[in-house]
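Residue numbers (our numbering), protein chains in the order written: chain A, 1 to 219; chain B, 220 to 305; chain C, 306 to 391; chain D, 392 to 949.
Because the hints were derived from the structure by calculation, they are not lab data. Some hints here could point you the wrong way.
Restraint ranges, calculated between C-beta atoms of paired labels, are given here [said to hold, decoys possible]:
id	chain 1	residue 1	chain 2	residue 2	range
1	D	Pro737	B	Asn271	53 to 63 Å
2	D	Pro737	B	Leu299	32 to 42 Å
3	D	Phe775	A	Glu123	48 to 58 Å
4	A	Asp150	C	Lys331	29 to 39 Å
5	A	Lys132	D	Glu694	55 to 65 Å
6	A	Asp114	B	Gly234	24 to 34 Å
7	D	Leu397	B	Asn271	51 to 61 Å
We treat Cβ as the ideally placed atom computed from N, Cα and C, and that holds for glycine.
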Amino acid sequence: MKAGIIVFPGTNCDRDAEFALKMAGFDVEYIWHDFENIKKYNLVFIPGGFSYGDYLRAGALAKFSPVMKEVERYVEEDRGLVLGICNGFQILTEAGLLKGALTKNKTLKFICKDVDVKVINKETPFAKHIKKESLTIPIAHAEGNYYIEDYDYLKENNLIAFEYVDNPNGSIGNIAGIYNEKFNVLGMMPHPERNSLKTLGNGDGLEILLSIRRALENE
Amino acid sequence: MRKFVFEALITLKNGILDPQGLATQKVLKRLKYPIENVKFGKLITFEIEAENEKNAEELAEEITYKSLINPVLENYELKLLKEIEA
Amino acid sequence: MRKFVFEALITLKNGILDPQGLATQKVLKRLKYPIENVKFGKLITFEIEAENEKNAEELAEEITYKSLINPVLENYELKLLKEIEA
Amino acid sequence: MNNLYLELGLKDFEYEKIKKDLNREPNDLEVYMYSAQWSEHCGYKHSKELLKRLPKSIENENAGYVIIDDYAVVFKVESHNHPSAVEPYQGAATGIGGIVRDVLAMGARPVALLDSLRFGKDIKSKNIFEGVVSGISGYGNSIGVPTVAGETFFDESYNTNPLVNVMCVGLAKTEELASSKANEANKLYVYVGSKTGRDGIHGASFASKELSGKDDRPSVQVGDPFSEKNLIEATLEILKLKGVLACQDMGAAGILSSSSEMSFKGNLGCELYMDKVPLREENMEPWEILLSESQERMLFLVEPGEEKEIEKIAKKYFLDYAVIGKTINGENIRIMKNDNILSEMPISSLVDAPSMYRPTKEPTYIKEIKNKKFEMAIDLKTAFYKVLKDINVVNKSWIFEQYDYKVGTNTLMVPGKADASVVWIKDTNKGVAVTIDGNGLYSYIDPYEGSKNIVFEAARNLVSVGAKPLGVTDNMNFGNPEDDMVMWQFEKSIEGISEACKTLNIPVTGGNVSFYNESENMAILPTPVIGMIGEIDINKIMDMTFKNPTDKVYLIGK
Ligand SMILES: Nc1ncnc2c1ncn2[C@@H]1O[C@H](COP(=O)(O)OP(=O)(O)O)[C@@H](O)[C@H]1O
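Make the full structure from the sequences, and use the hints.
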């Protein structure tokens, strides 16, 4: 299975993603944001960091990079799965590929710590092979407060992927991650790639990446 | 070509939590100021080169709506401030 | 007591680096927009309760200078927007 | 008579020396250049004699290093005390930026940050404290370098003069280490990074003057972490190019100090073109361009022809780029603008500030302390609770949870879990253990023993996670060096650090001196800060949690 990691200027979790994706059995390549062809990847991974410094709003300037038009087409044509973590999630919402928006944590501060998240919808290619009901995954963000006007819409369409057990940032409905309607895009604030090994935590993050690989292989 | 200066005033939509405003208000109230309803927004100014005022305004609108704001969270008001020497 | 709404427009002093403005401008220019001099500032609105306009304005000045801006980096312009029902 | 030199902080005897070195009166531009290069900050006037006593291993590079397996672990500490007093957020942020570029200039990828912070206890200090922490968080998190450890202490003597010491650790394969020494004439100086503005002009001499209060408003440097992150990636790519010969960050006294020092190290001269520097502001004077401390800039020395490749990389990362000078034979620095020579003078004079060391003697307060009797005025239980509640003892997670201490996925020991943190060197089973420590109170009561103790404490911190100490970087935060008491404290402290390092048999690989830390005529506690690096087997890392009921607890030592 081939994973492509998109690297924007300012992305800083690209190498972490490479490490974890290899751990989960993917062949991994980097995709510089100017690049225009991503068809060959089974998984497109948009990692965390501060693309363009997050200067206008988190993720706002990255959506104009040429590669994002390709991501849009990739999703439309259902070429594979798109996973956006942290800044990746912010970019996907800014680009309109996921609903809602991410805004400043209600504490107004950056938060770096381990949190527990419940797996809400397991009937998706991303989550169907996750065995646990709840996972311990690190967060590290200043703008992870998820907001959507029509929360019920998410709920009714099973678009909620993960919920915080103990809401750290003020997200509506404790939302930690959501899907798009086609279930081929997942955005989440917690960083599974930072907990892909026992020595880096308890390894729970690997569960998600392994689940994705298995689903892609069994398609 | 002519050059126009614009100012975009960007505010949070009604109902969106403004933690910065709230925190600032709390601090100021603790200092005993008779203050309410503190709200944080953004002020972005920029210059547009265009043939005429109308074109400039259209471009400025497009830039503001498509790039400078997030319509899920924010409202904006765009003002043409002045024309300057190109 | 009466109630007045103020708007503080806060901009960076001349010569102070504006990384947000620069990065935004670079991206917009790459999208071929004829844009220059993008500058980021803050817009803060708040309400003050006071006996009269003069007192309200003095308080608003004080709050803005002492608490809302960083005089090392920023300039400001304070506007009385309107009076509202107290 | 032109009194510019006095306004810029040069002394009469220094001016006389300049005239003698030049064999003429310096012009205004040259007075500016000297005032920056001979400031305490760049010239180490009061400290350089004493620093020679430290057991140093690596001379004259941007940062020192120790070796673990095939890797050079590059590390250095630096202070940003005065900028943080004036503008806490930006002061701390640009402090991080600066130390990261020091490590980067060695060709190392920055992999960890540490911060040693000291604040006062008044209301203003609270703002400074919060501003500094968010500045470190804002900048460090954005560039993707984890802040893995630090220390925080509060004491009245730091009211209005906080100490913000930051340390960066980087990794490079030993054969990839870069040099800052220019080795041949007619090589090009290539500028890469953000544009030059009037930021921090006079910063270098400013850092060497006491803060007088209200009107100290130098033009504040603002950090741009996005450009820094780009600069990190660009620099690491550029250093892989074959025609790139040397590299240096532009820190204090910016273009002037970086180019002259690189040339001086190679016994060469240089030519700098003021009309070629990328500028952010209009009508900048040559002295402003030379001395500007605009952030996020690097200087490379390259083979003619190679600049095209550098340009490509710079463009990729949204950075400015320009050929701004070259090395020349001889020993002169020549400042040019549009083919006119604005100044030409020997670099050796410029980079060698006169030493101001003078013998010191023990101040009277030491005896008073020694003779003082202390009595325990409260009962043990009350004391116990008082200690637990003390601001210097309480849990510091409020601080470190604002730092992204996990980015890079190498942090094997996170803050709060042990006395030192551990950063994994992926592809090996080794880790770098890191700690940073100071203790102003001990160093005040007895600068010699107190400083020794800090080195030993740092070593104990490393040993407690299972690491073997390998090297030290020190940051000397002291008051006004023209004060006899301060100089004595400084001298004893250097002796203490030297002695402790010799005992442990580890070198001091680099460091930093910050003088003039005082406010309202009160010097801060003399505060040497020690950063220490150790080597550890990642399968044998210890934390401090008790493991099982009935396990025995031993006390070792006396
Ligand atoms: N307190 C100190 N202990 C040991 N070495 C020091 C100390 N202070 C400065 N140095 C050394 O002096 C040299 C110049 O330091 P500095 O001017 O801070 O470097 P930079 O060029 O990065 O600003 C460096 O090699 C540095 O390691």
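Structure-based check of each hint:
1. D/Pro737 <-> B/Asn271: 53 to 63 Å: holds, 60 Å
2. D/Pro737 <-> B/Leu299: 32 to 42 Å: Because 57 Å falls outside the window, the suggested range is violated.
3. D/Phe775 <-> A/Glu123: 48 to 58 Å: About 56 Å separates the Cβ atoms of D/Phe775 and A/Glu123, which means 48 to 58 Å holds.
4. A/Asp150 <-> C/Lys331: 29 to 39 Å: holds, 35 Å
5. A/Lys132 <-> D/Glu694: 55 to 65 Å: holds, 57 Å
6. A/Asp114 <-> B/Gly234: 24 to 34 Å: holds, 32 Å
7. D/Leu397 <-> B/Asn271: 51 to 61 Å: For D/Leu397 and B/Asn271 the Cβ distance comes to about 57 Å; the hint holds.
When each numbered hint is compared with the structure, a violation occurs for hint 2 only.
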